[in-house]
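Asks: Put chains L, U and F on the given structure of chain W with help from the hints.
Protein chains: 4
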Amino acid sequence: MSKIKVGILGATGNVGQRFVQLFANHPWFEVAALAASEKSVGRKYKEVVHWNVSDSIPAGFADMIVGRCEPTLSVPLVFSALDSTAAGDVEETFAKKGYAVISTASNHRMDKDVPMLIPEVNPGHLSLIKYQQKRWKSKGFIVVKPNCTTTGLCLALKPLHDAFCIKKVFVVSLQAVSGAGYPGVPSLDILDNVVPYIKGEEEKMEQETLKILGDEKIAITAHCNRVPVRNGHLECVTIEFAKKPGVSQVIKVLKNFKGLPQELGLPSAPKNPVIYREEQDRPQPILDRDAGKGMVVTVGRVRKANVLDISLTLLVHNTQRGAAGGAVLTAELLHAKGFI
Amino acid sequence: MSKIKVGILGATGNVGQRFVQLFANHPWFEVAALAASEKSVGRKYKEVVHWNVSDSIPAGFADMIVGRCEPTLSVPLVFSALDSTAAGDVEETFAKKGYAVISTASNHRMDKDVPMLIPEVNPGHLSLIKYQQKRWKSKGFIVVKPNCTTTGLCLALKPLHDAFCIKKVFVVSLQAVSGAGYPGVPSLDILDNVVPYIKGEEEKMEQETLKILGDEKIAITAHCNRVPVRNGHLECVTIEFAKKPGVSQVIKVLKNFKGLPQELGLPSAPKNPVIYREEQDRPQPILDRDAGKGMVVTVGRVRKANVLDISLTLLVHNTQRGAAGGAVLTAELLHAKGFI
Amino acid sequence: MSKIKVGILGATGNVGQRFVQLFANHPWFEVAALAASEKSVGRKYKEVVHWNVSDSIPAGFADMIVGRCEPTLSVPLVFSALDSTAAGDVEETFAKKGYAVISTASNHRMDKDVPMLIPEVNPGHLSLIKYQQKRWKSKGFIVVKPNCTTTGLCLALKPLHDAFCIKKVFVVSLQAVSGAGYPGVPSLDILDNVVPYIKGEEEKMEQETLKILGDEKIAITAHCNRVPVRNGHLECVTIEFAKKPGVSQVIKVLKNFKGLPQELGLPSAPKNPVIYREEQDRPQPILDRDAGKGMVVTVGRVRKANVLDISLTLLVHNTQRGAAGGAVLTAELLHAKGFI
Amino acid sequence: MSKIKVGILGATGNVGQRFVQLFANHPWFEVAALAASEKSVGRKYKEVVHWNVSDSIPAGFADMIVGRCEPTLSVPLVFSALDSTAAGDVEETFAKKGYAVISTASNHRMDKDVPMLIPEVNPGHLSLIKYQQKRWKSKGFIVVKPNCTTTGLCLALKPLHDAFCIKKVFVVSLQAVSGAGYPGVPSLDILDNVVPYIKGEEEKMEQETLKILGDEKIAITAHCNRVPVRNGHLECVTIEFAKKPGVSQVIKVLKNFKGLPQELGLPSAPKNPVIYREEQDRPQPILDRDAGKGMVVTVGRVRKANVLDISLTLLVHNTQRGAAGGAVLTAELLHAKGFI
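Residue numbers (the numbering used here), protein chains in the order written: chain W, 1 to 340; chain L, 1 to 340; chain U, 1 to 340; chain F, 1 to 340.
It should be emphasised that the hints constitute simulated quantities derived from the structure, not laboratory data. Being a predicted model, the structure only gives us computed values, none of them experimental. Hints are not guaranteed to be accurate.
Intra- or inter-copy, both count: the list cannot distinguish identical chains.
Here are the simulated lysine-lysine pairs, BS3-like style, with alpha carbons at most 25 angstroms apart [what the hints assert, rightly or not]:
{"#": "1", "residue 1": "K211", "residue 2": "K168"}
{"#": "2", "residue 1": "K244", "residue 2": "K167"}
{"#": "3", "residue 1": "K243", "residue 2": "K112"}
{"#": "4", "residue 1": "K168", "residue 2": "K304"}
{"#": "5", "residue 1": "K97", "residue 2": "K304"}
{"#": "6", "residue 1": "K243", "residue 2": "K168"}
{"#": "7", "residue 1": "K199", "residue 2": "K39"}
{"#": "8", "residue 1": "K97", "residue 2": "K252"}
{"#": "9", "residue 1": "K217", "residue 2": "K304"}
{"#": "10", "residue 1": "K258", "residue 2": "K137"}
{"#": "11", "residue 1": "K304", "residue 2": "K199"}
{"#": "12", "residue 1": "K255", "residue 2": "K46"}
{"#": "13", "residue 1": "K134", "residue 2": "K337"}
{"#": "14", "residue 1": "K167", "residue 2": "K243"}
{"#": "15", "residue 1": "K304", "residue 2": "K167"}
{"#": "16", "residue 1": "K168", "residue 2": "K255"}
{"#": "17", "residue 1": "K112", "residue 2": "K168"}
{"#": "18", "residue 1": "K39", "residue 2": "K112"}
{"#": "19", "residue 1": "K304", "residue 2": "K204"}
{"#": "20", "residue 1": "K168", "residue 2": "K244"}
Bound conformation, chain W alone (with noise of 0.2 angstroms):
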């Protein structure tokens, strides 16, 4: 089978250079165009990227042209890893065209007819690409990943509020500095510290979690943190559930857990989504974040509360699961069903 060619939109930045990582041994799609903003148009990929999430441009990427971003690529399929400012226009732009869209940007993540899609948590919802295809008169159609916080959160909380229906959650983040991108975080403000707001991220985990998980009944309360940590975003959650289970019983439908793309097989879908550690002091980021070359969620310290029910805490690799392995998973599902 000869590879699908797809496109990654904002390949300079830190997301962008995760995508080309992810691509370069992929085995359904191959990169056939990067492009970025104006200042890189016309120059190589290695010329103005600054490079930093590994010692070395993948091969046969480095001397790659970087084109513009806009709907003229000979690809089926991009992936955007734009920032908010541009992301919003360009996708459209390339969803009226004809091309399949697959977003880590936060910009049409609450439309209606978008699915904000986690593989293992929401496969349903690509049965709103039908009402896009309708709105932009048009085969093409976007499809976006939630906020790496609430990617990691739903990825725990999907199993717990089939088996237990979840009521409250309360979550405090402890998220890592490449969430920011690059330069992102001044290091002044992180050295030896810790910020506590992360502008619009509570308000994110609040309100994509509900769409996610479908459940506009679901009370959630956010603190986001910035801390110096490289990758890695820890949450330290607790829950209040309609059926009251044990904390033996969270861990088993945890560990359990198993979602269409484990199913299916698909590349990139760890064998288990969810992992759970006994040891005390786990999750950290140092030693879990790579867990599942980074796409599993690992759980620990699940625990009972004193407010609410269960208290537990968990990680996600931001960059990985939560921007743009979990964009890659979604491709693959979307070609397995036939969407691509």
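Replies: Quick look at chains L, U and F alone, frame taken from chain W:
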């Protein structure tokens, strides 16, 4: 007035060093004895301390000979910065021999007749001392300060509880490495990492707060995390009240809070024990930990919550207000009230 | 005596903030004008500054209206903390209009008639001012401070050069992130990392040192590195001398070093510009950077070397002695010598 | 071919864990015995190790029972990751009893008949083994690897010494915390700090390098610093040569360097032991330490120096090439040459 002579037990550790710093220029107290564990006894302080809280040991302390932690010191008052493996028995021995003991260790915190004191919050608990003196058959007694994280929490909760009656509290801490003493947290455990567990800390917060506020009906759920910050514990808090205050009422009550130390004008009392910052990204350890010489709790981000009622973020300097500074303020209160 | 009114150009940046801090309580100078780039002009200082050097802007500065960097300020003396893209022309304009300009920028450092001053090291270079005044046809002039790393190096080298005649110098710097200003070094570049390159820095050290010491025959080789430290540049130095001193002679000369600022008792002059620490693991940024209010260079580890003669390690606070503090001391010297 | 059974002495420490990782998938060796200090003996590996080099102990090791560090293990070859307080005697005991011992400890490095081996640099030193066997009256022997910092330095110096004859070396290291083992460096010593001293390290670099290069006439001066980096030692080096090469000649020689491991195609041998990076801000720990699975030394910034001749910067992964990985490559060489 000649100064009151005091001793420091556990003078070589991190909190012990903070005591030395604070007493270098104290108007009421002067250090007449430094005591530490057996291996340091009989040697000069400068030879046994790994001084790491400023560039130099304050003048006059470097050549003091370290003594044994035995109740033969010619001082009426000792400050115990011993760790919990040693503190319990040693402090009791001193109390029985007639010494006033002010401790930063956790051993006697939950003893019914031992005041666990935050001078602005529960000065009335000093009335417990007389029961203790009966128990010891001595004029000696022990007063303890709570856990550093509890201290920060209670200073913010106290005026709110008085005004609006607290029912439930969620709290997630991001705690500095100095809270674990020295050598404490290995750098390999915390560089580019956070650790979502501190042994015994969540239980302490959940129990000590109730004793200090004197209300067993409050329900508290805590998650405690270690972060790569030198000093300053940050706490993300969400509260349910019986009376439902608005955001501006909460802020007003916090700003107006004053306690007995402020009324008495104690030397280490800050003008206001709680400061409120309007900036949306405050408090931060690097900017706010030294406010009011580390004796102030800085609160920010008071806002409505979807679960429970009000969210806020607070910061306390864990080795100043949360340890040595809090103990010194307690000693000042004891002196002002005639206990010493 | 009424205070001398001064202006700060580039008042919103990191060094500009340090100036504001230093002038909040200066006995001779008071700030009458804050100026910054166009986007800040006409607004209150507190609205345009990202204050990050302490908890709060010092009283009296927060509501000052920021002006334009144009020579219409009613002050005889301006401090320039502009960055080098703007500093060159602006400073020249002020000098031509009769202002005394003291600059932390690099633009005019190598101008032959511009003193690059470290008050303890080369106060005689102030005699260059008269040539400059001729050039500008004005009573105005520019005095600059050297690069922060050079400042630390020269303060240690000066007494050694006078005593033993330096021939060759190796120096490797471990520089703090504040040296790059704000936002400066992205956290993704420096967390769990060091960067072995700082643009232009090695050349500056190799050239500026010769001008300041007034000896073109010294050969210097520098490696400059950025490390994850907030403040304080550490330098590992090995020196060859014409006269071969022993270790104890080197230490003695460093300890005895005093300059004109000490002789004149200038307000910002430390008692000794160089402190020697006996401990084998000093100086360290966290312990030593604030010694002497950040105006002292701390030296340690003087020892024999196998290549060249003597090795030592030194530390300088890069934004105090190395920038704002050094400039203020220069202003004090200018005033004491009648130039202002 | 059945695999050669090996034992790991000191299997629970940081370097011991690296050995476990490397042997989890080694084509020639398999671990038949894990040994550690008395308190771990008789217990399962997973119960006594504080595993912190990846998310999980590799399959098959977790339940192994830890044995005593005594020469009763049924393996011909042991790897010693003991610390230097224990290593000296234990390793000697094993050698006398006929075991081949490959050690990362420093105790026997300067023994005249003990090869201190970097396989690409001085494979000929294996001829010393026969003298050792005479001394022990046994077929057993000890081979050691040098200090991790020395390893990085020698891999870069060797081809340059062969080509241009090195006379003098000035080197300043910026060393990762993992070099001190676990718990090793306390976080309070290194967060927002650097420490300009590592006990014994400078002497090791200055002496070991001469033994490895086999040239006592080279003069080396070292400054060793600890920096807040997890893994990867950076070294700033300036060199004087007898023959004066140009920059491009130095780069060419480094790029072309290959040794016996490359010739023999040993499993752990990187394609090139030294990589040269053209970017002016490389090597960096975060980007380059894992190059060639941590077995490569990355060099950058080759340039003319004012003092001596040529400056460069290099990076070595201290616990891979500098410790466990280097020892495994040594074992492969010993096997390929018939010593095991």
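Asks: Compare the structure with each hint and give your call.
Replies: Now for the hints, and whether the structure bears them out:
1. K211 with K168: within (15 angstroms within a copy, 28 angstroms between copies)
2. K244 with K167: Cα proximity of K244 and K167: in one copy and across copies (11 angstroms, 21 angstroms).
3. K243 with K112: Neither: 30 angstroms inside a chain and 38 angstroms across chains, both beyond 25 angstroms.
4. K168 with K304: For K168 and K304, both the intra-copy (15 angstroms) and inter-copy (15 angstroms) Cα distances are at most 25 angstroms.
5. K97 with K304: neither (52 angstroms within a copy, 43 angstroms between copies)
6. K243 with K168: both (12 angstroms within a copy, 21 angstroms between copies)
7. K199 with K39: between (27 angstroms within a copy, 22 angstroms between copies)
8. K97 with K252: So K97 and K252 fail the 25 angstroms test inside a copy (46 angstroms) and across (51 angstroms) alike.
9. K217 with K304: both (23 angstroms within a copy, 18 angstroms between copies)
10. K258 with K137: neither (36 angstroms within a copy, 62 angstroms between copies)
11. K304 with K199: Between. Shortest inter-copy distance 16 angstroms satisfies the 25 angstroms Cα cut-off; intra-copy 31 angstroms does not.
12. K255 with K46: between (42 angstroms within a copy, 21 angstroms between copies)
13. K134 with K337: Answer is within; shortest intra-copy Cα gap is 19 angstroms, inter-copy 72 angstroms.
14. K167 with K243: both (10 angstroms within a copy, 23 angstroms between copies)
15. K304 with K167: Both: 16 angstroms inside a chain and 18 angstroms across chains, each within 25 angstroms.
16. K168 with K255: within (22 angstroms within a copy, 31 angstroms between copies)
17. K112 with K168: within (24 angstroms within a copy, 36 angstroms between copies)
18. K39 with K112: Neither way: K39 and K112 sit 34 angstroms apart in one copy and 39 angstroms across, limit 25 angstroms.
19. K304 with K204: between (27 angstroms within a copy, 16 angstroms between copies)
20. K168 with K244: Classified as both; 13 angstroms inside a copy, 19 angstroms across copies.
In this structure, the earlier hints numbered 3, 5, 8, 10, 18 are contradicted, and the remaining ones agree with it.
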